[in-house]
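One line per chain: the protein sequences are A and B, in this order.
Per the working numbering: the first sequence = residues 1 to 778.
Per the working numbering: the second sequence = residues 1 to 378.
There could be a bad hint or two in this list.
What the hints assert, rightly or not - Calculated cross-link-like contacts (lysine-lysine; reagent style DSSO-like; alpha-carbon spacing at most 27 Å): (1) K713/A to K157/B; (2) K395/A to K405/A; (3) K193/B to K620/A; (4) K218/B to K301/A; (5) K218/B to K295/A; (6) K65/A to K19/B; (7) K458/A to K509/A.
Unchecked claim - Calculated from the model, a selection of chain A residues having no Cβ within reach of chain B, i.e. all distances over 12 Å: (8) R43; (9) P518; (10) Q706.
Honestly, the hints are just simulated from the structure, not real lab data.
Think of the CB as a built atom: it goes at the ideal place given N, C-alpha and C, for glycine as much as any other residue.
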Amino acid sequence: MAEIKKAAVIGAGVMGASIAAHITNAGVPCVLLDIVPKDNPNRNAIAEGAVAKLLKTDPAPFMSKRNASLITTGNTEDHMNLLADCDWIIEAVIENLEIKKTLYRKVEETRKKGSVVSSNTSTIPLKELEAGMPADMVQDFMITHFFNPPRYMRLLELVASSKTKKEHLTMIRDFCDVRLGKGVVICKDTPGFIGNRIGMYWLQTGVIEAINLGLTVDEADAIASRPFGIPKTGVFGLIDLVGLDLMPHITKSMLSLLPKTDDYVRISAEPPVITTMLQNKWIGRKGVSGFYRVKKDGGQKIKESLNLTTAQYAPSVKADLPSLNASKKGGLKALVESPDKGGQYAWKLASQGLTYTAALVPEIADRITDVDEAMKDGYGWGKGPFEIIDDMGAKWFADKLAADKKPVPPMLKLAAEKGGFYRTEGGKLQYLTTTGDYADVVRAPGVLKLSDVKRAGKPVLKNPSAKVWDIGDGVLCFEFTSRANSLDPLTMAAYKDTIKLIKSDKKWKGLVVHNEGPNFSVGANIGLVLFAANIAVWAELESQIEEGQKTYLALKQAPFPVVAAPLGMALGGGCEILLHSDSIQAHAETYTGLVEVGVGVIPGWGGCKEMLLRFKNDPKMPKGPIPASGKAFEMIGTAQVSKSAFEAKEMGILRKDDQITMNRDRLLADAKAKVLKLAEGYQPPKDQVISLPGAGGVAALTVALQGMQLQGKVTPHDMVVSLALAKVLTGGNTDPVDTISEKDILKLERQAFLELARNPATLARMEVMLDTGKPLRN
Amino acid sequence: MSNVVIAGYVRSAFHLANKGALRKTRPDDMIGAVIKGLVDKTKLDPADIEDIIMGCAFPEGEQGFNIGRIAAFLSGLPVSVAGVTVNRFCGSSMQSIHQAAGSIKMGAGDAFICAGVESMSRIPMGGFNPMPNPGLVSAGSKAYIGMGETAENLADKYQIARAKQEAFAVESHKRAAAAQAAGKFKDEIIPVKGEGGMIDADGCIRADSTLEALAGLKPVFKETGSVTAGTSSPLTDGASAVLVCSEEYAKKKGIKPLARILSIAVAGCAPEIMGIGPVPATQKALARAGLKLNQIDIFEVNEAFAAQSLSVIQELGIDLTKTNLDGGAIAIGHPLGASGGRITGKAAALLQREKKKYALSTMCIGGGQGIATVLEAM
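The shape of chain B in the complex, shown without the other chains (with noise of 0.2 Å):
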């Protein structure tokens, strides 16, 4: 059977939702480009792929209608490549990517594109008509609880203090906005069309935060509590596409691949703590691959907030050395459905880029869930 692999990565600008460059972009357009750009720098035979796994947290508008089938269309791709959207929150093109694999594994298809999109300024976050469950709502599930109260929640079990959350957010821009000066984010933005001509760089990274700054904002979820918009991924706007093909393919089509998917996982946990939700799915993806922690050279974990990412960082005993190297989504920005593929992505990228041997990506997911993936170097 087929080892998977990842053999390409790329990504659009990402942009703060609603006042950012891409805000008038339309997030299949965007995708469309994005997709393009892939098998453009891929050299991918656009024949040979079986399918678009398009990761989307809220599928509606003008993310709905399938955009997964969509992209093709607005990438130029061939009527047989097929289409689909996969939704799990934030999870969703991790899961692309994940759902390839299986594919693969089973001999249902060679090349696949795992996408990922999200137009945080055109479909808000919760859809236009939420519609939750009342008999789940007036039993006191906490099954639609907000995002910034489990980071609150994660906050006060895990006593993350609001000083130490500053710098962590702090230390993602300072390393996003590194990178960002020294071109590293040159070779995975692919330009879209956006708000006066085409944007070819992040708009969320701020070169100039600083604690002094982050210690003046007020809390912006509990009244009493310590997150901040500062300490939040911020709205945005973007979309991310990878490439996940068998090895035998790639080898056969020339393709040089970046990592091998070892294994993956995810896992359910209660949803007033779902940022801790990677803990429990990086331990099943380590189990799965027959790998200890502290042999993992290079991780990605999202950083949908400083409190949570550090909860999870702090009870798995990860090494903030080598986490989030280019800055995580803090400062870069977590357009929901495009973060899963960004960071897998990335996590490839990074293992050819600093000649590394193994990586983690991992992410908490809204609703109480964790998902992983576990990689190594080609």
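Chain A with its partners taken away, still in its complex shape (with noise of 0.2 Å):
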């Protein structure tokens, strides 16, 4: 089958740019076109100042900044040639059929015969820029819709009409589902497709009605967000985020293709409010303020809201309403039958929002599925509208809308009637179907989800901070279980119960540490470590310690593979987990570091060790005693994370071999195979020796400490954990002629650790990261 070698991008907008730059992360080169600007000698200046951006932007586009050097620039003039050579041709240019007709025409001159075009219109039918286009490049055509920003947001909704040609629809799918890891949504060509078309009605309403009832913005967006399962920005901050000022837009365009009895056209009109922010351009987080602002005041910062009736700012007050205490204990459902105006607004929200979107299906999709799954991917709702309703119970929401004298679309009477939009049968989950049965839920091929097995059956091995899954082909999967995905003893004992039970049978080839997150581990329960040294069981916790080096190092070295795949934050001893493993197979998104420096501790777990291995193995690494310790140094004692398993890779805690799988979905599939190919003929990696500086190497690291001291970058207690650190990193007592082993190096840790925890401002650091979720610069 034909792949994507090559891509180009025409367009360097925000999105268009973004898009580059993911592609990229997928590996593949891509060309960035933009118009040639007015007054700028440089005729490249759009497409060169988008990628200069790019390389700025946070939260980053780009996976690692490498990948900035396999866009190639140019402009619309001098280089369509460079498409000469795309196998996907992507449009993202402004919204204007008239343009984007003109630039299909210019395309078409100069692409190869049987390359895909796409466009990335978030309003245009697709009929209409498939008008007038000529035949053959109709049966390359279709929409492919990226969410913003393209790399964090799942959601990818394709759009293709009866003449596009079959594989180029399953070879774009593939690419992005495999290789850019989107949830690929095949939707209708129906105006907004499926996230906007929703997500544009449910944003809108949120405004509308909490102007009606008088909620602050701070109120609306506390109930349109937690109790919801929707990201906290609610409705008033995803607007700040996205610009206000592409509502108008996307309204003016919905209103132009919908029927005039659509639900949307009834709340479409511009309340003054919004009237009077698009006109001073506070238009949200790209302009100078929007729904909330934040304020400098000297030294300070004070976020301020705006008020929806007179249009001032003033000091944000966080929402205290009766009916988000009811929501905490009694749900959604608790939360809508409050009679305050906080439940008021909830009920509008749910028995419109909800309800426009029961009423879309079959419309917009045929499967429900795809609505959930594009709401979740597209706008990160934690549940979709059909499971949000199923949370409250179907036949109560319908009941409920008919005591309101509201109609109840037809879906939702269906799913009231059946018992549900979802079930779950023979250990399956089960949608509703237009028709009123229930149809499996079919996952892709190369898709397998631990929730999936969970549903079907029982753990292997439990206790209340770690589950063992069999996930297939005698491949066990770990999965934390405990508050954030902390470790305690409680994990290190589940460890060694499930190498027990490996060794024990045959059956068992190796075993995947996973769970679906949202982070992988967080790290080792701190508040533990602190309860041990306020009592001063000091015996205790070395015991612990150990413990813990003991059972990592027995998962290392246990007679079978175990492959790490991470997704999310893996930090501190989640990280050790890592770097324990035979190979990682990371998510994209992995964001991995040893950050026990921030509470005034070292890696004790054999991070330092692993870290000091991985480096001395490294064939790039200079020779010598100091590079190893000085780059593990440089890494640990900074607390550095990665902000990509590529960044991870970078930094030395992925290894070659190690691989990164882009969507999270494949992710347990991809780690299961690893298990099983290492299995072939598995050796467990023996305990080794290398030489480290010793002295001279504290020597070299303090003086380093000295300089970084007089720049103000190192705290006074930063000087005690970092001379910790540097005593183990360089091996402690030891010389370069000398050989250390891996036992030794652990008791170092061990030491260093101990005396750390005995130390009051390490306990002043834990303190305040379990207090604050932040580090103490003490």
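Make the complex out of the two chains shown on their own, each in a separate frame, by following the hints.
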């Protein structure tokens, strides 16, 4: 099958440039073109400027800054020939039909035969884009609608016509899924497709009802977020994020396409406060202010909110409503039944937003699963609209609508009769079809979700901190179940039991360490360390550290392969798990590092040792005693955390042979395949001895630290922690001509950890971290 | 006994380490090309060369394997030419000239190539394996003190205000930019292969440097200090080579000498104020030459840091209008091992261009030293 070896994006605005960046994240080179600027002698200034801006954008569009070199910039007058060897050309120019069509004619002149051309339009229907297009191009054409920011928002809406070549559709779908990591939803050619049709309706309703009911923006956002399982930006915070200026454009486009009877038309009027904001250019984070703003007063930053009635800013007041408290106990159902304005607001949102959505199936999608996936992947909702209704009870919801004399859409009526939009049957998740039957939710080949495994059966092993699941073919999956997936003595106990189990029965071939997040593990439970230190049970603390070291080492040297499959944060002890695995299969969005110095200690479960071994075994490292110690010191001493799995590879946490999965739904299957591959003729790694610099190394790091102290980069306690770390990483009293064993280094880690744990300044760091979640710089 | 003369001076263009056009050029290739350029320019018979004396501050990696000898191979000199590497940190290639002078005076050779090189892109300052003596460090010795900190110490000790440092840096860039624009570096630069072809022009000089821009920079070495990146010499890639021979040899071979070496000196000082090293070194060298400071017409004072240069200038009472006429290391760059050859060769060349009598070149050295050379026009 054809594959995408090179791509192009035309239109170097924020969206176009970020799409190009994300294509390079897949390792695919990408051309980026824009028009020739009017008043600039550099004809490529727009595209070049866009790449420069990408490199400064936070959160970063590139997974590695190096990817910028995969983008070739140019302009649409001189460089259309650059499209000649591109397999996929994405148009991401302004939402103007004529401009797009003119561009397609130019593209048709230079593109290679059989290349795919797609538009990133969010508002123009496919049939209008296709009108008048040569037949050749029509069969190569489709809409690929990315969500902003493309690296981080999972949704990709794919819209094709009956004339689009099937193999093209398959190729683009697979590329976006496997290589770009997208949740691809094939949509019908309807206005706003799925995500924006529902999302924009939801936001518009959220604004209007907040004004009608007299809620502050803080109150509205508190209601329209956590209780619904929606990100904390809620309604107004989200508009600030995407830009208020976009709303009238999308609304205008939707109104021109939707029938007058569509409920979107009813709610589309622009409230006066919005008009004022647009006139004042209070368009959100890309302007000076929005519904929220941060006012700087001297050295202080004060968050302010807009009063929706007076259009004046005042310091934000945290929402305090009885309905919010009710929702904490009774969930969404309790919220919408609360009599206060918060409860009324929630019901207005639910009764209009969720009902509108239910009425759109099958108009915009044949399956409710597509709608739920789109809202989860495109708007970051924790649950899709149909899952939210199921949480309240479809029948209960339909009855409440009926009691309110509101129409109940057929799909909802069906769900109310059948007992919900989803059910579990024979361990399998099923969804309600438009005909009223239930069908299995089918995962694409190569997708394995732990949640599916968990639904289907019981764990092989469990304790309060961990569960072990059989994921098939003799492979087990170790899942952390503690709060924030922190690690404690029970995790260690579960590890040991797992090792025993796998050793005891030949049917088990190996282990994957994985969970479905949001974070792999935030590290050791420092609350336990703090507790032990406060009551001065030093022997107990030492045995905890030693137990952790032994467990991690046992895992490393177990007679079966262990593959770590992290996504999200893998910090401290969580990072140490990666370091002790035979192989790492990381999701691209893996944020990992040894951050122990932030709480005044050093990595004590073999993290120092494993980083030293990694650097020592790296053939690219300069020779001699210092470089491995120096590199590990720089990384651990500054608590460096990768901003992607690619960065983790540059840092040396992932080795050359460790691999990266772009789509999180494919992570577990990839990791499992790796276990099976490693299991053939598996030999556990043997103890290694290395040489380290000893006292001369400590001297070198001391001199460097003194310089940093003068620069004001090192606090007094940083100095204490760093010197303890330096001693471990240089091998203590060793000499460059001697060798030192892994066990020796573990002992040094243990000693340094315990010495630091006795230091009140370290305990102060731990307390502040536990209280505020932020490091103390003492 | 023969007099010792400087009979030729060349260098590569100087470029910023890690970002400039020479970052991908191996230092041995760079100096090989520069030495070849010197031999071609002076029409020296290569068979007459006794030794290549190579200054290099971090002689390891690509600067290792006795780069003095490697350079002989890379510059196409006959196998009879010997090669040695000398290290006195920033004073290394001035030391090369001094050692040649000593050998000539002893009758141990007629012609020497006194070279210097540093690729600060490719070999980090401090080298790949810094291993200070733990005893010295724990005893609180400043033997390994960072250079920036020493500049801060001098700024404090000699009360060199930040604005004064910045004015000095801007002047350095102004002079270097003017010299560059007037083609005054053309004669001394040997093109070497770099990124994008042959590199024949300096890359560190900022013609647009202003007081306002410098005033906006943050101190880099000390949180509460005054020394910024703008008032420090940049990390630089570059090479230099000077032909040092006996006066008789030059006469015999019809080579036109630039200057006679009247005296040389080195001196130690406290490492935490290493930048003041030129003061005792200059005093010793002047006394040995039998000259007073006010008799010197041309000064080349290496600009490690503006605060450091100004401390030396203030302490010795040097006239700024006679100093670093074509700009100094803050503007041109400071490839550690190559700078001593550059400023001494430059001082000799300036004596000719400016038709003056006496010149002095001097520089400070990490660990607490100074080195100086006094020249007389011929």
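- Query: Which of the listed hints are not met by the structure?
  - Reply: 10
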